[in-house]
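Protein chains: 2
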Amino acid sequence: MTVSQPVPMNLVPFVSVDDMMRLVLDIGVESVLVELAAYIEEDFRRWESFDKTPRVAAHSEEGVIELMPTSDGKAYGFKYVNGHPKNFQDGRQTVTAFGVLSDVDSGYPVLLTEMTILTALRTAATSALVAKYLVPEGARTMAMIGNGAQSEFQCLAFKAVCGIDTVRLYDIDPQATAKAARNLQASGLTVITCASGHDAVHGAEIVTTCTADKQYATILTDNMVGAGIHINAIGGDCPGKTELHKDILSRSKVFVEYPPQTRIEGEIQQMPADFPVTEIWQVITGQVPGRTDERQITLFDSVGFATEDFSALRYVRDKLQGTGFYQNLDLLADPDDPRDLFGMIERKSAALTAA
Amino acid sequence: MTVSQPVPMNLVPFVSVDDMMRLVLDIGVESVLVELAAYIEEDFRRWESFDKTPRVAAHSEEGVIELMPTSDGKAYGFKYVNGHPKNFQDGRQTVTAFGVLSDVDSGYPVLLTEMTILTALRTAATSALVAKYLVPEGARTMAMIGNGAQSEFQCLAFKAVCGIDTVRLYDIDPQATAKAARNLQASGLTVITCASGHDAVHGAEIVTTCTADKQYATILTDNMVGAGIHINAIGGDCPGKTELHKDILSRSKVFVEYPPQTRIEGEIQQMPADFPVTEIWQVITGQVPGRTDERQITLFDSVGFATEDFSALRYVRDKLQGTGFYQNLDLLADPDDPRDLFGMIERKSAALTAA
Numbered sequence: 018m019t020v021s022q023p024v025p026m027n028l029v030p031f032v033s034v035d036d037m038m039r040l041v042l043d044i045g046v047e048s049v050l051v052e053l054a055a056y057i058e059e060d061f062r063r064w065e066s067f068d069k070t071p072r073v074a075a076h077s078e079e080g081v082i083e084l085m086p087t088s089d090g091k092a093y094g095f096k097y098v099n100g101h102p103k104n105f106q107d108g109r110q111t112v113t114a115f116g117v118l119s120d121v122d123s124g125y126p127v128l129l130t131e132m133t134i135l136t137a138l139r140t141a142a143t144s145a146l147v148a149k150y151l152v153p154e155g156a157r158t159m160a161m162i163g164n165g166a167q168s169e170f171q172c173l174a175f176k177a178v179c180g181i182d183t184v185r186l187y188d189i190d191p192q193a194t195a196k197a198a199r200n201l202q203a204s205g206l207t208v209i210t211c212a213s214g215h216d217a218v219h220g221a222e223i224v225t226t227c228t229a230d231k232q233y234a235t236i237l238t239d240n241m242v243g244a245g246i247h248i249n250a251i252g253g254d255c256p257g258k259t260e261l262h263k264d265i266l267s268r269s270k271v272f273v274e275y276p277p278q279t280r281i282e283g284e285i286q287q288m289p290a291d292f293p294v295t296e297i298w299q300v301i302t303g304q305v306p307g308r309t310d311e312r313q314i315t316l317f318d319s320v321g322f323a324t325e326d327f328s329a330l331r332y333v334r335d336k337l338q339g340t341g342f343y344q345n346l347d348l349l350a351d352p353d354d355p356r357d358l359f360g361m362i363e364r365k366s367a368a369l370t371a372a
Numbered sequence: 018m019t020v021s022q023p024v025p026m027n028l029v030p031f032v033s034v035d036d037m038m039r040l041v042l043d044i045g046v047e048s049v050l051v052e053l054a055a056y057i058e059e060d061f062r063r064w065e066s067f068d069k070t071p072r073v074a075a076h077s078e079e080g081v082i083e084l085m086p087t088s089d090g091k092a093y094g095f096k097y098v099n100g101h102p103k104n105f106q107d108g109r110q111t112v113t114a115f116g117v118l119s120d121v122d123s124g125y126p127v128l129l130t131e132m133t134i135l136t137a138l139r140t141a142a143t144s145a146l147v148a149k150y151l152v153p154e155g156a157r158t159m160a161m162i163g164n165g166a167q168s169e170f171q172c173l174a175f176k177a178v179c180g181i182d183t184v185r186l187y188d189i190d191p192q193a194t195a196k197a198a199r200n201l202q203a204s205g206l207t208v209i210t211c212a213s214g215h216d217a218v219h220g221a222e223i224v225t226t227c228t229a230d231k232q233y234a235t236i237l238t239d240n241m242v243g244a245g246i247h248i249n250a251i252g253g254d255c256p257g258k259t260e261l262h263k264d265i266l267s268r269s270k271v272f273v274e275y276p277p278q279t280r281i282e283g284e285i286q287q288m289p290a291d292f293p294v295t296e297i298w299q300v301i302t303g304q305v306p307g308r309t310d311e312r313q314i315t316l317f318d319s320v321g322f323a324t325e326d327f328s329a330l331r332y333v334r335d336k337l338q339g340t341g342f343y344q345n346l347d348l349l350a351d352p353d354d355p356r357d358l359f360g361m362i363e364r365k366s367a368a369l370t371a372a
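Heads up: the protein sequence lines correspond to chains A and B, in order. Count the first sequence with this note's numbering and you get residues 18 to 372, in order. Count the second sequence with this note's numbering and you get residues 18 to 372, in order.
Everything labelled a hint here was simulated from the structure, so no lab data went into it. Everything hinted at is true.
As the list makes no split between identical chains, a pair holds if one copy fits it or if it spans any two.
Here are the simulated DSBU-like pairs of lysine-lysine, each with C-alpha atoms no more than 35 angstroms apart in a straight line: (1) Lys263 / Lys69; (2) Lys69 / Lys91; (3) Lys103 / Lys270; (4) Lys149 / Lys91.
From just these sequences and the hints, can you work out the full model?
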């Protein structure tokens with residue numbers, strides 16, 4: 018009888034940054050974005066089965082470190098993520114992340130993965146998924162304001178999921194715009210670089226804002242926003258950090274992920290606590306309408322929620338099967354007798370002495 | 018000019034279970050317990066400088082998965098830990114853990130380490146440290162009730178930190194007691210195996226309870242507890258899980274780590290919300306007295322707190338310097354231009370194609 022040797026219980030598959038790049042390239046970036054959007058959509062459809070809690074944030078002068086846990090009762094996931102706007106001055110990422118997926122029944126982790134790249138992908142996939150339910154019919158042009166690390170992923174996700182064909186790029190730093198334009202030149206998108214935010218929004222049915230300053234900023238002013246557009250507001254995602262003038266919020270129908278978190282972290286932190294919002298999972302399940310009028314301004318006040326990371330962790334776990342894009346990490350102590358942790362150390366000592 | 022090559026920013030030192038055993042054996046288990054107790058003491062002395070929050074727990078029928086974050090404003094640490102009493106039936110650990118230490122200014126992790134072994138060590142070191150302030154003078158004998166994975170560490174910590182010379186072991190499972198006795202036979206402790214809890218507490222000035230059932234249990238009944246002893250209650254550490262009869266709590270002076278967490282998770286979950294407790298950091302800093310009377314029963318209602326893990330993470334980071342007991346993990350995306358995450362993937366694609 019041949020029995021395949023199970024992976025020892027102490028080992029946890031680990032996806033490094035290098036392995037994540039290999040996995041993503043193996044599948045194809047646009048395919049990943051489409052497939053991830055489907056996983057995220059699936060989890061939004063069963064929103065009520067998740068344990069939800071606002072993220073646990075440790076704020077400092079320079080930034081924030083957050084833990085974002087959630088569970089569907091079978092699997093448990095959490096992400097560690099930081100946000101440090103000044104990091105790029107030292108050659109560091111503004112946002113880095115890693116995450117873990119665990120089995121609820123045993124509490125044992127089953128996946129440890131980098132999530133800097135994965136977060137960029139899931140954020141873009143979420144934006145595009147939500148936009149699919151909200152953009153005006155026939156939308157083909159997106160203004161992309163803020164051309165940092167997230168921008169190309171947003172452009173490709175909106176192309177792959179929503180079918181846009183043109184992006185209008187703007188950043189206060191022209192080098193960032195040039196970088197994004199260069200990265201997108203072979204994407205199949207028509208790429209237009211713009212000299213101002215006003216210029217960028219011209220003719221765009223979709224406006225995505227994604228800037229990194231940790232402060233109240235006004236990337237979009239009221240006069241820049243015409244009727245019948247969809248605003249995808251990514252950058253306003255922690256207390257004290259917003260991108261839109263509040264007059265825009267008043268004129269828009271606002272959609273959010275998880276109101277208790279968004280009221281603290283999103284654009285709507287500028288608004289009264291009873292400012293009306295629609296939960297996006299209810300639109301996705303068909304319980305409430307999304308866009309109800311061609312001239313309406315729809316606004317996705319996105320802050321990123323733990324279920325989206327959970328979906329991304331599920332996706333990576335599923336996609337890893339049969340690939341070599343991971344290594345097994347000796348993360349969990351696994352003595353022969355689980356009550357004999359001390360004996361495991363003593364036996365190690367004996368083994369080292371014998372060696 | 019020779020400049021030592023700094024470790025690339027994307028790499029995070031990782032201490033596997035195997036490396037942790039090597040590190041601990043290299044230092045010596047008792048030395049680790051003494052040094053860890055000193056780190057934990059140091060952090061209790063600056064208790065007020067920590068960001069404190071009750072742990073974030075995800076409970077299920079079979080157990081709990083918890084995240085325990087804290088920060089002193091310079092470093093940030095968190096631990097992932099599960100508690101699944103039935104795990105040992107599948108050959109798994111009841112408790113496994115891993116943790117991360119990060120730099121608050123950049124949000125970048127600087128250490129990822131197994132914490133199953135480390136938690137066992139820090140729990141024992143904390144117990145012994147607290148006992149140092151509370152045990153009656155001349156205490157030399159400890160009853161150790163519950164002889165699972167934590168028990169040997171407790172016995173050695175009380176030997177190394179408090180100077181006990183005798184342990185009286187009892188477990189409902191005689192095999193667990195035999196295992197602990199075997200593991201402690203070369204420890205220098207006089208080890209007495211006992212046939213009942215009543216037998217174990219006989220003549221002991223210190224009683225440590227550490228059992229694993231996730232239920233209200235009564236490991237110690239009121240008639241088992243005489244005057245002038247110190248009770249170190251480890252096992253009552255989550256809602257619905259206690260070990261002591263509440264009459265014992267009423268007769269004792271109760272010391273806790275962090276009241277908001279202990280009232281939910283500790284033995285005192287059985288008591289009214291205003292049941293008087295003393296915070297152990299105040300005893301350690303000398304702000305309030307510990308034991309005030311030889312006949313007093315002191316009781317450390319220990320649930321484990323994030324600062325203790327933080328101390329343990331600090332300790333490991335400090336001890337790793339100059340050793341080979343870690344590997345560098347490619348955990349953080351580190352593009353040449355931090356705003357060019359997408360370009361990093363594209364360059365990877367080009368490199369793979371060229372290869």
